[in-house]
Amino acid sequence: KDEKFASKYTSRSPQSKKQYPTPSYEGTNLEFFIKNKNGVNARALYLKNGMMRVLAGSEFMSKQQNPFMSSDVENVVKVISDNLCRLIEDFDFSTPSRASKVMTGTSTNGWVVWKTSEGKTLDEIVRKKFEEDEDDSCLE
Numbered sequence: 001k002d003e004k005f006a007s008k009y010t011s012r013s014p015q016s017k018k019q020y021p022t023p024s025y026e027g028t029n030l031e032f033f034i035k036n037k038n039g040v041n042a043r044a045l046y047l048k049n050g051m052m053r054v055l056a057g058s059e060f061m062s063k064q065q066n067p068f069m070s071s072d073v074e075n076v077v078k079v080i081s082d083n084l085c086r087l088i089e090d091f092d093f094s095t096p097s098r099a100s101k102v103m104t105g106t107s108t109n110g111w112v113v114w115k116t117s118e119g120k121t122l123d124e125i126v127r128k129k130f131e132e133d134e135d136d137s138c139l140e
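According to the numbering used here, the stretch in the sequence shown is residues 1 to 140, in order.
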């Protein structure tokens with residue numbers, strides 16, 4: 001089971017994707033949210049290794065409504081209605097998009113779906129800020 005989990009959710013070739021640092025606000029990681037009309041109410045942290053940690057208590061589409069749900073995720077959820085389930089433990093996903101797909105039950109771009117409480121996307125907070133800082137350092 002651990003090997004299956006590791007290969008499906010946590011594997012990442014160092015060369016395959018650019019790693020972005022975790023932004024912080026007053027010494028803590030920024031929280032990102034997904035809320036939608038279907039009752040999805042998920043909270044997560046973007047981690048330094050590029051993973052998305054969805055926090056316990058997040059509510060999202062149940063297996064009947066969700067083609068992206070896997071058995072590893074099923075092991076840490078509690079069904080709360082026909083359409084929704086609740087995460088009972090924090091769960092790390094390999095990418096923001098993988099996390100948003102499981103939360104919404106649809107194919108999504110996690111970089112734009114996950115937002116801060118102020119409405120800024122993960123892309124705006126992490127990728128663009130990091131790339132701006134990189135560009136500034138090249139000018140020095």
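Worth flagging that the hints you see were computed from the coordinates, not collected in a lab. Check before you lean on any hint, since a few could be wrong.
[What the hints assert, rightly or not] Calculated cross-link-like contacts (lysine-lysine; reagent style DSS-like; alpha-carbon spacing at most 25 Å): (1) Lys115 / Lys35; (2) Lys37 / Lys115; (3) Lys63 / Lys128; (4) Lys63 / Lys115; (5) Lys120 / Lys35; (6) Lys128 / Lys37; (7) Lys63 / Lys120; (8) Lys37 / Lys120; (9) Lys63 / Lys35.
[Stated by the list, open to error] Restraint ranges, calculated between C-beta atoms of paired labels, are given here: (10) Glu89 / Gln64: 32 to 40 Å; (11) Lys128 / Asp82: 37 to 45 Å; (12) Ser70 / Leu47: 31 to 39 Å; (13) Arg127 / Val79: 30 to 38 Å.
Glycine included, every Cβ here is placed at the ideal spot set by N, Cα and C.
Tested hints:
1. For the hint linking Lys115 to Lys35, the alpha-carbon distance of about 9 Å falls within 25 Å, and the restraint holds.
2. Our distance criterion of 25 Å between C-alpha atoms is met by Lys37 and Lys115, whose separation comes to about 16 Å.
3. With a C-alpha separation of about 34 Å, the suggested pairing of Lys63 with Lys128 is violated against the 25 Å cut-off.
4. For the suggested pair Lys63 and Lys115, the alpha carbons sit about 24 Å apart, so the restraint of at most 25 Å is met.
5. Distance check on the hinted pair: Lys120 and Lys35 sit about 14 Å apart at the alpha-carbon level, within 25 Å; holds.
6. Distance check on the hinted pair: Lys128 and Lys37 sit about 28 Å apart at the alpha-carbon level, beyond 25 Å; violated.
7. In summary, the hint linking Lys63 to Lys120 is not supported, as the alpha carbons are separated by about 29 Å, beyond the 25 Å threshold.
8. Only pairs whose Cα atoms come within 25 Å are accepted, and Lys37 paired with Lys120 is accepted, the gap being roughly 19 Å.
9. For the suggested pair Lys63 and Lys35, the alpha carbons sit about 18 Å apart, so the restraint of at most 25 Å is met.
10. In this structure, Glu89 and Gln64 break the distance hint of 32 to 40 Å, their C-beta atoms being roughly 21 Å apart.
11. The supplied range of 37 to 45 Å is met by Lys128 and Asp82, whose beta-carbon atoms lie about 39 Å from each other.
12. Separation of Ser70 from Leu47 is about 19 Å and departs from the stated range, judged on CB atoms against 31 to 39 Å.
13. Between Arg127 and Val79 the beta carbons are some 35 Å apart, a value that agrees with the proposed interval 30 to 38 Å.
Consistency note: the structure conflicts with the earlier hints numbered 3, 6, 7, 10 and 12.
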